[in-house]
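Engineer: Spelled out from the first residue to the last, the chains are:
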Amino acid sequence: MTAHLKLDKPQSDRLGDMAQGVIGRETPRREGPLKVTGRAPYAAEVGDGTEAVGVFARATIAKGKVTKIGLDAVRALPGVCAVITDERLLRNPAQGTANTAPVQGGRDVAYFGQPIALVVAETYEQARHAAHGLEIAYDAAEDAAVTPEDAEPESLESKQIDIGDLDTAMSHAAHSMDATYTTPSQNSAAMEPHASIAVWKGDELTLHGSYQMLKFNRNELADSLGVDPEKVQIKSPYVGGGFGSKLGIAPEAVGAALAAKELGRAVRVVLTRPQVFEATMRRSETRQRVRLAADADGKLTGIGHSAWVSNLVGEAFSEPVAQATHFTYGGANRSYRHLIHRVNRTCAGSMRAPGEAVGMLALENAMDELAHAAGVDPVELRLKNIPDRHPEDDKPYSSRRFADCLTEGARAFGWHKRNPTPGQTRDGEWLIGLGMASAARGNILSESHARVTLHSDGTATVETDMTDIGTGTYTILGQITAEMLGLPLDRVNVALGDTAFPPASGSGGSWGAGSSGSAVFVACQNIRAALAEKLGMEEDQLTLTEGSVIRNNTREPLSAVLDDDLTVEGHIEPGDTSEEVQQAAFGAHFAEVAVSAVTGETRVRRMLGCFAAGRILNEQTARSQCHGGMIFGIGAALTEELVHDPRDGHIVNHNLAEYHVPVNLDIPQLEVMFLEERDAHANPLQSKGIGELGISGAGAAVTNAIFNATGVRVRDYPATLDKVLPGLPDI
Amino acid sequence: MRAFDYARATSATDATAKAAAGATIIAGGTNLLDLMKLEVMAPEQIVDINRLDMNRIEHTESGGLRIGALVTNSDLAVHPVVRRDYAVLSRALLAGASGQLRNKATTGGNLLQRTRCGYFYDTAMPCNKREPGTGCQARDGFNRILAILGTSEHCIATHPSDMAVAMRALDAEVEIESATGIARTIPLVDLHVLPGETPHIETTLDEGDLITAVILPPPPGGVHRYRKVRDRSSYAFALVSVAAVLRIESGKIASCALAFGGLAPKPWRVAKVEDALTGQEPSPEIFDKAADILLADAKGYGANDFKIPLARRTLKAVLRESVEAAQ
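Taken in order, these protein sequences are the chains called F and L.
End of the first sequence sits at 926 in this note's numbering; the numbers just go up one at a time, nothing left out.
End of the second sequence sits at 393 in this note's numbering; the numbers just go up one at a time, nothing left out.
No lab work stands behind these hints: they were computed from the structure.
The structure displayed is predicted, hence computed values, not measured ones.
Please note that the accuracy of each hint is not assured.
[Said to hold, decoys possible] The list that follows gives simulated cross-link-like pairs (lysine to aspartate or glutamate, EDC-like), each with its CA atoms no further than 16 Å apart: (1) F/Lys-579 <-> F/Asp-490; (2) L/Lys-382 <-> F/Asp-925; (3) F/Lys-430 <-> F/Glu-399; (4) F/Lys-729 <-> F/Glu-751; (5) F/Lys-612 <-> F/Glu-575; (6) F/Lys-426 <-> F/Glu-387; (7) F/Lys-918 <-> L/Asp-371; (8) F/Lys-230 <-> F/Glu-240; (9) L/Lys-318 <-> L/Glu-347; (10) F/Lys-579 <-> F/Asp-599; (11) L/Lys-103 <-> F/Glu-320; (12) L/Lys-382 <-> F/Glu-624.
Sequences are here, hints too, so could you generate the full structure?
Structural biologist: Quick look at the structure:
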């Protein structure tokens with residue numbers, strides 16, 4: 196039986212009618228103990244140890260052609276089984292939801308670090324040594340663009356937008372801001388490196404991989420190999436962090452599949468950490484010009500947000516920098532430019548909150564600068580500029596407790612204690628400052644399927660190819676099912692991460708929980724209907740709780756009324772509600788920092804985020820998502836920078852010792868508040884995405900606090916001490 | 067990683083004999099194994115000294131401390147005598163690496179760790195330290211973490227140790243056993259050499275030499291400070307670090323020892339800096355004068371220019387804080 200819901204109209208709060216209260220409750224991740232005790236096998240670990248092992252050899256020029264590969268010398272080395280130089284090897288990973296193969300062919304070099312050949316040997320060490328020694332000769336191109344400045348930018352027509360006349364608004368403004376901000380390349384640096392084991396049985400391929408969006412990944416892999424997608428199965432039950440870096444099929448999966456086919460045995464390929472940095476996805480560096488015009492009261496009359504980003508030739512993705520600028524604040528006159536430099540650098544793709552993660556740094560810094568210039572409190576400035584309707588297309592918002600996030604967050608944080616004059620608060624050597632920023636992230640529903648079976652013994656099983664990349668999917672899908680079917684949580688088995696199951700939305704764009712959860716909801720709703728019919732009642736009269744049916748004031752175990760399994764495949768599809776209203780989650784970040792007056796080192800002392808994102812499906816996993824986003828924000832603000840060599844674009848700091856993600860000691864007490872909210876337009880769960888909301892604006896709260904502490908405005912991210920130092924007082 | 071032969075040393079003599087025959091000595095392996103995986107180093111033979119009896123901390127006859135070369139950084143940092151009498155060393159150790167690394171890293175290995183220069187670590191890059199004569203990419207490249215003092219046109223690498231900086235301030239000596247069975251003790255200052263025209267030569271050790279211990283002289287007394295400035299709160303190498311041991315008598319600086327990390331290819335100490343301070347009443351002017359002397363020959367290479375003002379500010383702050391604590 197299948198059940199389908201297209202979201203053409205707002206949904207009632209059916210989950211809220213249920214009897215148990217399992218949904219929303221703080222519930223620890225069900226796979227957590229497996230992961231922290233090493234019992235959850237990751238992709239590289241599922242084999243039996245007899246696999247051959249592949250390691251990539253990389254390009255060591257920025258642009259050109261491979262003229263010769265020294266195959267013979269390497270084939271003669273101990274343990275070497277094969278050297279794969281197949282034209283089907285990937286230049287770089289597929290972009291998220293691409294659904295087709297990315298650029299292929301190992302002979303045309305487009306960036307330093309590009310995989311050129313896969314060396315396969317009996318052991319990892321043999322393969323790595325042989326790959327290291329593989330001689331590759333090149334015909335290097337003279338015109339490599341290793342920095343964005345080397346390439347005239349392309350303009351994307353659909354993103355050059357002018358509404359009203361911003362120039363005039365700027366010249367008539369009582370207060371205005373015109374500043375340029377830069378953010379560097381970054382990498383997701385997920386703990387689990389990209390890894391695949393490929394196993395062929397005849398013409399059927401099973402790939403154990405570490406991926407976020409399996410239904411797309413299967414098609415991308417099949418297309419890359421030139422085989423029928425029906426012959427390809429991908430399994431990713433456990434993923435050690437994705438953050439966008441595992442959205443699209445990547446070189447190691449295709450390499451493993453090609454090698455396994457050639458050798459007729461299973462092949463494992465795990466990228467080294469330097470390869471993760473060089474040959475997966477980076478977040479593009481950005482240059483952003485933000486212009487703000489305001490009247491004497493601080494009400495915006497204009498907003499301009501121009502962005503310069505980069506990517507390889509042939510890549511459709513470009514960091515959508517101004518994404519949240521369109522709908523966050525009002526102002527009649529608006530201008531956007533979006534320009535893309537085609538560079539010879541590691542491929543740019545989605546990394547947690549593409550667009551908002553960097554765009555909100557610049558926008559929220561500019562708002563802070565405007566507040567300072569206009570003498571308006573930063574929270575007040577934002578409250579003044581919340582538009583009634585979408586300022587560009589006049590759509591109404593769905594749910595939006597943005598103002599409440601600002602005011603309630605400010606109250607909980609103690610924002611009123613902030614001295615608006617920078618550099619006035621001191622604690623010994625440390626200059627203390629408070630800063631804040633808004634958070635916004637558009638909400639998306641994505642088509643998703645899930646199969647739910649209510650077994651005759653009163654347990655249930657959920658099956659979908661949805662992934663859990665550390666976000667809590669296993670747990671919340673269990674909670675939705677348990678709530679809808681009146682089961683204790685431990686009677687629901689959730690099976691994920693296998694393309695043999697019905698295809699889900701995948702994890703990305705913050706849409707995973709709402710989309711895959713809605714597919715489960717739709718299935719459960721129909722199981723309830725079937726059960727009600729069987730019992731001769733209306734579905735809305737059916738009370739299911741703690742594994743029992745309650746009717747006529749009597750309680751019977753579900754197993755007593757079921758003589759057979761009930762299976763429904765639920766299918767959710769976006770509909771008119773995606774078009775008719777502006778859907779987004781909102782929030783506000785508040786940070787207290789201490790900046791050493793001696794060295795310019797910044798330490799975040801405390802941070803609070805107040806968020807409204809519709810129904811919170813599980814307060815604990817949702818809070819963890821926000822913590823993670825805020826930590827990403829602190830990293831972006833203070834430490835994270837993928838450094839490209841100015842001569843060949845290669846990534847100089849391609850290891851975790853020198854690419855500085857925050858360590859425990861960098862992260863203070865983080866507080867997360869959720870405001871009660873329901874969004875009837877978003878999905879039948881009435882939830883909105885939360886995986887990327889926490890990073891949106893977070894770093895700007897930190898740099899705004901640095902300004903309040905020191906009077907130093909760092910517009911070039913990250914705000915490392917050398918950028919703060921010149922503005923500090925003499926000692 | 068290239069295949070290699072492994073042997074476990076049965077004695078120091080056995081280790082030095084194997085090393086003299088070309089084997090590379092491995093202790094904690096926290097740096098060597100990384101370098102071997104990257105084939106920055108590709109020894110054909112490894113001699114493992116971990117089971118040798120060199121992990122004791124003992125008093126010396128002169129009232130100092132003898133630290134076995136295999137004492138881990140963790141054990142050394144928490145040793146009660148080190149914490150009480152050589153606090154600068156304890157603080158420096160705890161400022162270094164991470165808890166996991168300190169549990170494995172040894173005293174001898176820490177002294178011999180290699181630079182963290184990104185061009186040294188990437189075998190596709192020219193590097194005079196890794197492959198003599200190929201050139202230095204760091205000078206005109208990303209050199210944020212690299213040196214401003216003691217460099218040459220061939221190499222601007224820094225020595226990354228925190229421990230060695232504190233030991234330098236403490237006038238430590240290094241006990242070495244040679245392949246011919248002769249033991250010698252040299253001042254730590256004489257262990258590391260500047261790059262000059264031969265940046266691949268980092269120490270004065272001969273083939274077969276084994277560091278067996280570090281000797282600290284009797285406790286210097288005074289105020290001990292170790293200040294490490296870095297890009298994140300932990301697990302980051304020093305941009306600048308200052309080790310200070312300072313005594314005040316009758317309102318004047320009676321003695322001071324100052325050593326610096328993150329600035330140079332070896333733990334850096336300048337006698338004239340200390341001379342300028344010793345016997346003087348502490349004042350911002352005299353601190354500035356000390357910084358002037360320290361940084362007189364400093365040269366930035368672009369991304370590390372900031373280290374010059376940063377070193378000055380950090381030195382002055384450490385001196386001010388040490389003086390306040392001593393009075």
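Engineer: All hints, please: hold or fail.
Structural biologist: Verification of the hints:
1. A C-alpha spacing of about 11 Å is found between F/Lys-579 and F/Asp-490, which places the hinted pair at or below 16 Å, so the restraint holds.
2. Restraint check for L/Lys-382 and F/Asp-925: the C-alpha separation of about 11 Å stays at or below 16 Å, so the hint holds.
3. A hinted pair counts as satisfied when its Cα atoms are at most 16 Å apart, and F/Lys-430 with F/Glu-399 qualifies at roughly 14 Å.
4. Taken as a hint, the F/Lys-729 and F/Glu-751 pair is honoured in the structure, with Cα atoms around 14 Å apart against an allowance of 16 Å.
5. The hinted pair formed by F/Lys-612 and F/Glu-575 meets the criterion: a straight-line CA distance of about 15 Å does not exceed 16 Å.
6. Of the supplied pair hints, the one linking F/Lys-426 and F/Glu-387 is violated, its CA atoms being roughly 27 Å apart against a limit of 16 Å.
7. Proposed proximity of F/Lys-918 and L/Asp-371 is supported: the alpha carbons are some 12 Å apart, at most 16 Å.
8. Under the criterion of a C-alpha separation no larger than 16 Å, the hint pairing F/Lys-230 with F/Glu-240 is consistent with the structure, at around 13 Å.
9. For the given pair, L/Lys-318 sits about 4 Å from L/Glu-347 by alpha-carbon distance, which is consistent with the 16 Å threshold.
10. Between the alpha carbons of F/Lys-579 and F/Asp-599 the distance comes to roughly 13 Å, so the proposed pair stays at or under 16 Å and holds.
11. Taking the CA atoms of L/Lys-103 and F/Glu-320, the gap is near 8 Å; set against the 16 Å cutoff, the hint holds.
12. For the hint linking L/Lys-382 to F/Glu-624, the alpha-carbon distance of about 13 Å falls within 16 Å, and the restraint holds.
Of the numbered hints given earlier, the model fails hint 6 alone.
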